[in-house]
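Protein chains in written order, with this note's numbering: chain V, 463 to 784; chain B, -5 to 305.
Hints were generated in silico from the structure; no laboratory data involved.
Given the structure is predicted, the values throughout are model-derived calculations rather than measurements.
There may be inaccurate statements among the hints.
What the hints assert, rightly or not - Chain V is nowhere near these chain B residues, computed Cβ spacing over 10 Å in every case:
1. -1
2. 77
3. 93
4. 127
5. 170
6. 180
7. 194
8. 258
9. 295
Unchecked claim - Label pairs and their in silico Cβ distance ranges:
10. 567(V) with 194(B): 54 to 62 Å
11. 180(B) with 661(V): 48 to 56 Å
12. 199(B) with 649(V): 30 to 38 Å
13. 297(B) with 687(V): 12 to 20 Å
14. 510(V) with 266(B): 28 to 36 Å
15. 584(V) with 21(B): 52 to 60 Å
The C-beta atom is built at its ideal place from N, Cα and C for all residues, glycine as well.
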Amino acid sequence: MSRTITYAEAICEAQRDALRSDPSVILFGENVAAPWRPATKGLKDEFGKERVRDAPITETAFIGAGVGAAIMGIKPIVELMLIDFGLVAMDQILNQMAKTTYMTGGNVNVPMVLRAIYGARGGGAATHSECLYGIYAHMPGMKVVVPSNPYDAKGLLTTAINDPNPVVFFEHIRLSNMEGEVPEESYSIPFGVANTLREGTDVTVVAVGRMVQEALKAADELKGKISVEVIDPRTLVPLDEEAILRSVQKTGRLVVVDEDYERCGFSAEVAAVVAEKGFHNLKAPVARVANPNVPLPFNKTLENHVLPDAEKIVRAIKNVVK
Amino acid sequence: MKLGDDKRLDLYRVMVRIRTFENGVRQLINDGKVGYVSFYTGGEAVAAAVSAHLVKEDQIGSTHRPLGHLIAKGADLKRMMAEIAGKATGTNKGKGGAYHIFDKEVGALGANGIVGGSVPMAAGYALANQLKDTDNVSISYFGEGASNQGGVQETLNLAACWKLPMVFVCENSSPEEQTMLGHKIDYPQLSITDISQRAPAYGMPGESHPGWDVEEVYKIAGEAIQRARRGEGPTLLEFKIHRLNADEDSPHCPIKCYRDKLMMDGVLSKELDDKIRSEEAAKVKEAMDFAVGSPEPELVDAYSDIFVEGA
Ligand SMILES: Cc1ncc(C[n+]2csc(CCOP(=O)(O)OP(=O)(O)O)c2C)c(N)n1
C-alpha cells in the first residue's frame, strides 16, 4: 500500500525498517535523537538510546567509530549533520572507510552508510551549502547515492544499508519536505540503474538530486518544441553508463546538470563517458550546467546566480539543439 | 586589583553594545531582511572582559556565535550589519554572512561556520606574533561542544609545545545539563565537569570560572593574557555561561548583574544608564540603516575573490 509522505519521512522509514529487521543495525550522529529532526524522528523512542545515539561534535571520532564497528560486523548508519562538516573527518572517510577493503585484499569489509544532508539552502554560505559528492565519487571504494525523490530515497537507502560496502547517501536539504507516493512495505532499488523520467528524442538531460526537478521543469517548458529525455542516474557510483549512452545514441545531444562544482566533478565524468564511448553519436558538443566553480556565496541573489536552474537548463538545451 | 570607574563603565558599555546590536539583528530578522543568525546573547561578559585587555594588533578567532567577540574586538558595526544582511558593503562583500565575518583591520579573524574550525588558525596568529617578535597575543574562542574536536585538542598540544602566545577561551553554555543546540543529549558530550581539567594533560595552566561576572572574567583573562605576552605560553580558560534571549531578566544575565553592582557602588545612575543605552542604540540604528540602505552585490561579483590578483 502506497501513501504520500515526505522525502525525510521516507528516509526515516527505511532506517526504521532496517533497525526492526536487523539487530546489527545502529544509528548515530549529532542530535540524531533530537525529536525535531525529521529523518530520524521517533527512532530513539522505538529502538532506545543504545542503538540510536547522539554523538559529540567530533566527526573524525564518530565516523571512524562507524568504520571500526562496521569492520566488526555491526551495520552502522552514521549521520553527518551536513556534508560540509565531513571535511573535518577526511582521513576517516577517504582513507579508512573507503580503502580498507582494497588494502586488506578484501579480507575486511565495511558495511556502513554515511548519511549526509547537503545542498544549497538559500543563504547558507560556503560551509553550509555544498554538494561535494564529486569528492566522494572520486575516491574508489565508496558507493555514492543521490536520491531525487521520496520513493527513490526509501528504496535506495534500504539497498545502502544491506550493501556490504561503504555507501555515502546524500539527502538534499531542499528536498526534505518534498512529497511523493511511497509504499508502506520495505523495498529496495538496485544501485547503478538509472531512472528515465521523461522520454524524448532531441536531447538527453542527465541530472541528479534536486536538479532532477529543475530538469523536468525545463523539459515541460520546452514541450512541443524540443523533445527532452531526462535521466536520473540515482547513483554516481556505480554509474549506469549504459542508460546514458543508449539515450545519447537516440538523441545525439547531451546536457549534464549538476549542483556541485563543475571542475573535475560528476558533470565532467558523464561528459567524459560519452566522449569516450559515445562520441560518434554526438551531433553537438556536450553542455554542462553546474556551479561555475564559485564557493557558494552567502548573498541569495548571488547564490541563485551560480546555481543551475530550469531557466539555465532551457538555455543550454536550446544551445545544443540548433 | 581595583578597577577605575571609567574602566568599569567601559566594560558595561561594551556589553550593552553587544546586546543592543544583537537585538537589532533580531529586529531585521523579524522584518525579513536577515535570515538565520546564531546569537551570542548571555556571553557578553566574556567577550567584553577579554577584549578589554587586547589592542588592535592582537587577534581573535571566533565561532558560529561571533557577534559579541567581533564587536568587543572593535569590528565595524555598520559593515558587520551589512554583511549579516548580505550586502556589498559588508565586511565580506556579502559573500560570507554572519558565520564568516572577518574584519582584518582590527584583528577580528574571524567568525567560523565550522565548529572548532577557527582554533588551529588562532595558533597560526600566535605563531606569526611570535615569529615577528612582538608581544601580541591571539585569543581562541570556542564552545564546550567544539572543545572535543580533534583540531582543538591538537591545537592545545601544539600551542603548549611551541609556547605560543595565545589564550584558549572556552565558553561553556550548558554548564548544568549537557545540551547540543538546545537538545538534551542522551549521552554526555563531556565526561568531565570542567573543560580546564584538560589543561594539565597538555602541559598548560587552566582555570574554570563563572562567565557572567564581567570583573571576574576581566581579572582571570588578564592574568592569562599577560602570561602569554611575557612569552610564557598558552592558558586554557573556561567560562560557564547561559545562552539567553533579548531581555535582561535572568540572574545569569551579565548586563543585569553588572548594572545592579555598578548602581549599588554609585558608579552608574539611572540617567547615565539611559544615556549609555541611547548612545549605543543610536550606533546600532545607524548600522541597521546602513545595512538596509546598502546595495546588493552585482552578479559579476560572484566570480571575483576566488583568488586575489597578483603574482
Ligand atoms: C564541524 C561541524 N560540525 C557540526 C556543526 C553543526 N553545529 C553548529 S553549532 C553546533 C553546536 C556547537 O556547540 P558548542 O561548540 O558547544 O557551541 P554553542 O552552540 O553551544 O555555543 C553544531 C553541532 C558545524 N557547524 N560544524
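Okay, the hints, checked on the actual structure:
1. A cut-off of 10 Å between C-beta atoms confirms that residue -1(B) is not in contact with chain V; the least separation is 42 Å.
2. Residue 77(B), annotated as away from the interface, has a beta carbon of chain V within 10 Å; the closest lies near 8 Å.
3. Not every CB of chain V is more than 10 Å from the CB of residue 93(B) (nearest about 6 Å), against its label as outside the interface.
4. The Cβ of residue 127(B) lies farther than 10 Å from every Cβ of chain V, with a closest approach of about 33 Å, so its non-interface assignment holds.
5. Residue 170(B), annotated as away from the interface, keeps every beta carbon of chain V farther than 10 Å; the closest lies near 18 Å.
6. Taking the minimum C-beta to C-beta distance to chain V, about 4 Å, the non-interface status of residue 180(B) is violated against the 10 Å cut.
7. Chain V leaves residue 194(B) outside its interface by the beta-carbon criterion, the shortest separation being 21 Å against a cut-off of 10 Å.
8. The beta carbon of residue 258(B) is kept farther than 10 Å from every beta carbon of chain V, the shortest such distance being approximately 40 Å.
9. A beta-carbon of chain V is positioned within 10 Å of the beta-carbon of residue 295(B); the least distance is around 7 Å.
10. A hinted range of 54 to 62 Å is violated for the C-beta pair residue 567(V) and residue 194(B), which are about 44 Å apart.
11. Checked against the hint of 48 to 56 Å, the pair residue 180(B) and residue 661(V) passes, with Cβ atoms roughly 49 Å apart.
12. For the hinted restraint 30 to 38 Å between residue 199(B) and residue 649(V), the CB-CB distance of approximately 60 Å leaves it violated.
13. For the pair residue 297(B) and residue 687(V), the beta carbons lie near 31 Å from each other, so the given range of 12 to 20 Å is not met.
14. The given range of 28 to 36 Å is broken by residue 510(V) and residue 266(B), whose C-beta atoms sit roughly 57 Å from each other.
15. With their beta carbons about 21 Å apart, residue 584(V) and residue 21(B) fall outside the hinted range of 52 to 60 Å.
Checked against the numbered hints given earlier, the structure breaks hints 2, 3, 6, 9, 10, 12, 13, 14, 15 and satisfies all the rest.
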